[in-house]
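Visitor: Since the structure of chain A is provided, determine the placement of chains B, C and D on it from the hints.
For the record, the sequence lines run as chains A, B, C and D. Heads up, the first sequence is in the working numbering, so the first residue is 2 and it goes up one at a time. Heads up, the second sequence is in the working numbering, so the first residue is 2 and it goes up one at a time. Heads up, the third sequence is in the working numbering, so the first residue is 98 and it goes up one at a time. Heads up, the fourth sequence is in the working numbering, so the first residue is 98 and it goes up one at a time.
Think of the hints as simulated: they come from the structure by calculation, not from any bench. Keep in mind it's a predicted model, so treat the numbers as computed, not measured. Even glycine gets a Cβ: it sits at the ideal position worked out from N, Cα and C. A few of these clues could be false.
Away from chain B, derived, C-beta distances all over 10 Å, residues of chain D [stated by the list, open to error]:
1) 251
2) 303
3) 333
4) 363
In the EDC-like style, the derived pairs of lysine to aspartate or glutamate whose C-alpha atoms are separated by at most 16 Å in a straight line are [unchecked claim]:
5) A:244 - D:308
6) D:460 - A:280
7) D:442 - D:411
8) D:397 - D:342
9) B:244 - C:308
10) C:460 - C:364
11) D:460 - A:283
12) D:442 - A:168
13) A:244 - D:328
14) A:114 - A:191
15) A:244 - D:342
16) C:193 - C:301
17) C:460 - B:283
18) C:442 - B:283
Residues from chain B that keep clear of chain C, each with C-beta distances beyond 12 Å, as calculated [as the list claims (entries may be wrong)]:
19) 64
20) 89
21) 183
22) 227
23) 228
24) 291
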Amino acid sequence: MTVLVDHETRVVVQGITGHQGTTHTRQMKAFGTQVVAGVTPGKGGSEVEGVPVFDSVRDAVARTRANASCIFVPAPYAKDALVEAVDAGVRLCTVVTEHIPFHDMLVMYHYAKAQGTRIIGPNCPGIAAPGKAKVGIIPNLVFRPGRVGVISRSGTLTYEIVNGIKEHGLGQSTCIGLGGDPVVGTSFVDALPLFEQDPETDLLVMVGEIGGTAEEDGADYLKHHFSKPVVAYIAGRSAPPGKRMGHAGAIITRGRGTAETKVAALEAAGARVARFPYEVPDLVAQLLAERGRR
Amino acid sequence: MTVLVDHETRVVVQGITGHQGTTHTRQMKAFGTQVVAGVTPGKGGSEVEGVPVFDSVRDAVARTRANASCIFVPAPYAKDALVEAVDAGVRLCTVVTEHIPFHDMLVMYHYAKAQGTRIIGPNCPGIAAPGKAKVGIIPNLVFRPGRVGVISRSGTLTYEIVNGIKEHGLGQSTCIGLGGDPVVGTSFVDALPLFEQDPETDLLVMVGEIGGTAEEDGADYLKHHFSKPVVAYIAGRSAPPGKRMGHAGAIITRGRGTAETKVAALEAAGARVARFPYEVPDLVAQLLAERGRR
Amino acid sequence: MVKLAEWRGKDVFRKYGIPLPRGAVARSADEAENLVRSGRVPLPCVVKAQVLAGGRGKGGAVKFASTPEEARTAAAAILGLEFKGENVKELLLEEKLALGRELYVAVTLDRALRLPILIASAHGGVEIESVDDAEIDRQPVHPFPGLTNFEKRRAARALGLSGGPAKALDRLLDALWGAFQVEDAELVEINPLAVVGDGLVALDAKVIIEDDAAFRHPEYAEIRDDRTPLEEIAREKEIAFVQLDGNIGVIANGAGLTMATLDVLKEFGGAPGVFLDLGGTDDPKKVTEAFLLMAQAKPKAVFLNIFGGVTRCDTVANGLVAAMQQVPPSDRFPLVARIRGNNEKEGTEILRAAGVVAVPSLKESAQAAVAAARGTP
Amino acid sequence: MVKLAEWRGKDVFRKYGIPLPRGAVARSADEAENLVRSGRVPLPCVVKAQVLAGGRGKGGAVKFASTPEEARTAAAAILGLEFKGENVKELLLEEKLALGRELYVAVTLDRALRLPILIASAHGGVEIESVDDAEIDRQPVHPFPGLTNFEKRRAARALGLSGGPAKALDRLLDALWGAFQVEDAELVEINPLAVVGDGLVALDAKVIIEDDAAFRHPEYAEIRDDRTPLEEIAREKEIAFVQLDGNIGVIANGAGLTMATLDVLKEFGGAPGVFLDLGGTDDPKKVTEAFLLMAQAKPKAVFLNIFGGVTRCDTVANGLVAAMQQVPPSDRFPLVARIRGNNEKEGTEILRAAGVVAVPSLKESAQAAVAAARGTP
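Bound conformation, chain A alone (with noise of 0.2 Å):
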């Protein structure tokens, strides 16, 4: 495994027999991914895209050895799915389910954290490591292997970002999609140690959003813990104070999480800040050339 997940990876999907769970297992499967177990309570025994159905997640475990899972079940039901994926051995957990109270995932952050279980998401696109396996829905289409890790806590910008450098001639190791709510599983400074440590990134783009101290705490790593170049974006500079930017994460309040105090952390810390996402891959690809003639 280079950054959580690879070829080793094999993944449950809860949720299958949705929509969005049929749709992005087409997609991951597409991918490369080994998806080997569904799950919906009461579909048992059926098929989803070539993929077997159980009726629970330890039902699914025990047939299929399945060590990670992809949730999509609707935001009441997500605690108790991430709780069942949790005690039938799952080690990772992508949540795509959007609109989950946080007081449910307080719940779940910290059970999982206890049974030893990283969550991604909620409210995240996944991750991926092209070549390798997808755990979630972003698009295969802004892929290509390569040697560029990033983290990001948006969504759609993530997809932009990342075809971005992909149009520039580049490839990504592992994309991680983190999520914009107000808790989430995984934050930069949880995503931070597994790209230092990953021989197959060269460089770090993080791509932030108002909100939060977020990027403030991984700009503090950075700092500390980090030896590899990074490139970030902060979307939101020109977002007001008060007002709630899309998720519940992206809200600027008490003068606290502003652009203003993101970008500076994170160029203290080293970064190298793009104003725009499109002057990432210029940033990166530069970088990259630094590195090359050193």
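Guide: Coordinates of chains B, C and D only, in the frame set by chain A:
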């Protein structure tokens, strides 16, 4: 450190101003333990047995670098006291308090585990390493430094047996009283690896009781992972099924957890099982002598 | 532990919304008849002795009635029965339902896992101990996330339920889990849980409340169905009291030491009777209290085995000698005392000086106690 | 998020047993006077505008009254005020208490810790943002053990409370914690919390309920104090709606992409107005709905920026062209569309064929949108 406590152990006594807290602070100090702090809310700033008292464990840890706690607070407040110690960063907690509702103990156990804190007890005599440190209430007089490890589910029966070992001219490396409640923080299975790895322990004495299957589980561990000689004793051979023998742990229900099944499991695992407490020291001496001859 | 009688257990279940047959409690044949006549209990009905032991059906402690007169007759027949040592003083009268399958569900503690477990079996209506292990589904439930949907779905599968009854189970298990947690229960058990039409009904209720949580539950303070006056005193003094068949009273401190004492006494042919466990303490006051309590139990001989940790043995011995004076001559008994620990030599001498057999060795003192009970000193 | 008006927040507090001044809501001067005359609100009393913004005292939205007439006058003066953009339609009348110190307590979420935090400050009665950080005590509270005694003791210390008020705080914090959890709140805040004699009274209430938990709380469904009709439609369609000051309408999918679009528009001198975020989806139906919704907002120009992941761009483009036909000519606006992803070339061509400015580059398309809004194509 050999088994959990040593000269580096710095004890904070929660509930130090109570009768038990004060008495055993004196005893622990007499044993040679570094008792660095006490906690009783509202009594911060005072002193007990020469030990400074604080209003909170957080304060106590900040000021004295306490790293182990001995909890004497009454049962209704024990859960909160434990959480307080855990949150203050204490990673070893001996809970002497008896009559803690097991529903509370379930929360205590799983919360402490998630945060990386080991609980010994509740309703237990605690842990002692003669010549090093004691966190708990085992009478000082039964000890003498040596190379016999003791793990016991009992209280006074532990004293009886440990004293017997001393009177036989032998000594103990570390002695842990696990407590006899239905839910304990550290069971035989949890404690055995510590003694297996302890270079100062040559032989282990296991003192069990009827009720539950902790001894059977321990025997299973012995069989597969334990290399040192073991002498065991199981109390309650003549106790009738369905009667609670003193505390909630010691009850035989549904034919499980009888003295017979425990003795059989231990013997099958290679332990020498004494029929009466007073046989233990002889068996210990005999096995040590055999070992010496080899 | 507090075992609740069926009707009290059902009161708990009712509080949490678990469906029950309509019914009411009667303490006399008159009352039973009136409950039926007034329509509070519909006919036909079942009349059940409110005792804690199982096997009531086979034991004649459950009868059926189709008329008020039959209800009276059944009540009269059951009241006053002695059922497995309990006198029947209360009856539960309930409507007799047209039953489908009978299931089993319970929540209790799994000590090894340190988690509550939800137990479900499609084979209800019999003692769960008699059901094959493969037919019993056990699921640990973690108290942090609490009981979850997938656990309830698995239980439904184990019970063979779908549709309406599965939906009813979903609500019922939430209620059962709530009762287990909020009431500080050791066990909440429904056996049988009957499928009635599209729903489920709890035909019996077994609820055991944990003693240690009594401080949170003053409502259970008065329910101590099975306590003798001596047991009551012991409880007040926080001394564990166990009644066995023999004639040697045992006073010891700590459950393990008490049981070991028992084992040794038996080895030498002794028959332990009442025994008192002071817990881990060597508090001389508690030793004295246990001694005086023991005097009331009128044993043939008493074996006192205290391992002194904190207190000095001479202090304990002095307290004991003082207590002996308080026992009226008619109630006196031969005493063998073993006090170990701090200053044990001094303590032993004080006892001997007061005429008490005091031997430091557990083996020898046990032998002495057995001899004393036989009247062969 | 649902911000509750003070009186609704106090209704929540009442449910959990938090002590409050006696009071009632009035929606007219008559009603205000009657509340006082009938004794439902004791005199002297305070009359408070029920608006969501802070700083009511200084803003003339809080008045005092000693007689029913004064209550009427105060009510009449406040009702109809426009306070920071809100029309005052409701008043809360409450008894005026003899106050001691004014404190601050709240529970909210700490995102970085991923734990709720209990916030306490002895400096209540002012905006907490204006209080020095050193004077604010913050404690994470883990939801598994829940709020514990030591946390409550530390809060009492931070608030400088002991004796009766400390005991009152103990109960109050349990209630506040309960409200935070059970109501799925983002924030429960009491500021000021007043020491009144030996007790504590919540003089104000700020409660914010999380939108995502709406499925558990139908009781809050009707309370959406600050929604315009367009916002209401957007909510129903599950489209995030944000109203800014400018004149360029923005439709994008995903919060990050939406904000990035904003940043680029501003860079080129554009002023974004209403913007609609479809969330992470590229569902053509949702694109169409957003487009029609945007038409109602009457923007000067619209910039549509969709990154297509699952759906093909040509499908989205066709849907968009179809939607354009549905907008009445009077409501039409210049449209710049950027659709990236699968089949983007085909999609862009479909749009161009329909007369839409369609540029794949974010930079160029943003420039085009700004130009369109200026009327300089």
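Visitor: Does each hint hold? Answer for all of them.
Guide: To see whether the hints hold, each was checked on the structure:
1. 251: Check fails; 6 Å does not lie beyond 10 Å.
2. 303: 27 Å, holds
3. 333: Per Cβ check, residue 333 of chain D is outside 10 Å of chain B; nearest 41 Å; holds.
4. 363: Non-interface label stands for residue 363 of chain D: nearest chain B Cβ at 45 Å, farther than 10 Å.
5. A:244 - D:308: 15 Å, holds
6. D:460 - A:280: At roughly 10 Å apart (the allowed maximum being 16 Å), residue 280 of chain A and residue 460 of chain D satisfy the hint.
7. D:442 - D:411: Given that 16 Å is the threshold and the Cα spacing comes to 8 Å, the pair holds.
8. D:397 - D:342: Within the cut-off at roughly 12 Å; holds.
9. B:244 - C:308: The given pair, whose Cα atoms are some 15 Å apart, holds under the 16 Å limit.
10. C:460 - C:364: The given pair, whose Cα atoms are some 10 Å apart, holds under the 16 Å limit.
11. D:460 - A:283: This hinted pair holds, its Cα atoms lying about 14 Å apart.
12. D:442 - A:168: The given pair, whose Cα atoms are some 14 Å apart, holds under the 16 Å limit.
13. A:244 - D:328: Between residue 244 of chain A and residue 328 of chain D the Cα gap is close to 14 Å, so the pair holds against 16 Å.
14. A:114 - A:191: Holds, because 12 Å separates the two Cα atoms, which is no more than 16 Å.
15. A:244 - D:342: Given that 16 Å is the threshold and the Cα spacing comes to 12 Å, the pair holds.
16. C:193 - C:301: With a Cα-Cα distance of about 12 Å, the restraint between residue 193 of chain C and residue 301 of chain C holds, given a limit of 16 Å.
17. C:460 - B:283: Holds, at roughly 14 Å.
18. C:442 - B:283: 23 Å, violated
19. 64: 29 Å, holds
20. 89: 21 Å, holds
21. 183: For residue 183 of chain B, whose nearest Cβ neighbour in chain C is about 5 Å away, the distance does not exceed 12 Å, so it is violated.
22. 227: Consistent with the label, residue 227 of chain B stays out of reach of chain C, its closest Cβ about 19 Å off (over 12 Å).
23. 228: 24 Å, holds
24. 291: Per Cβ check, residue 291 of chain B is outside 12 Å of chain C; nearest 24 Å; holds.
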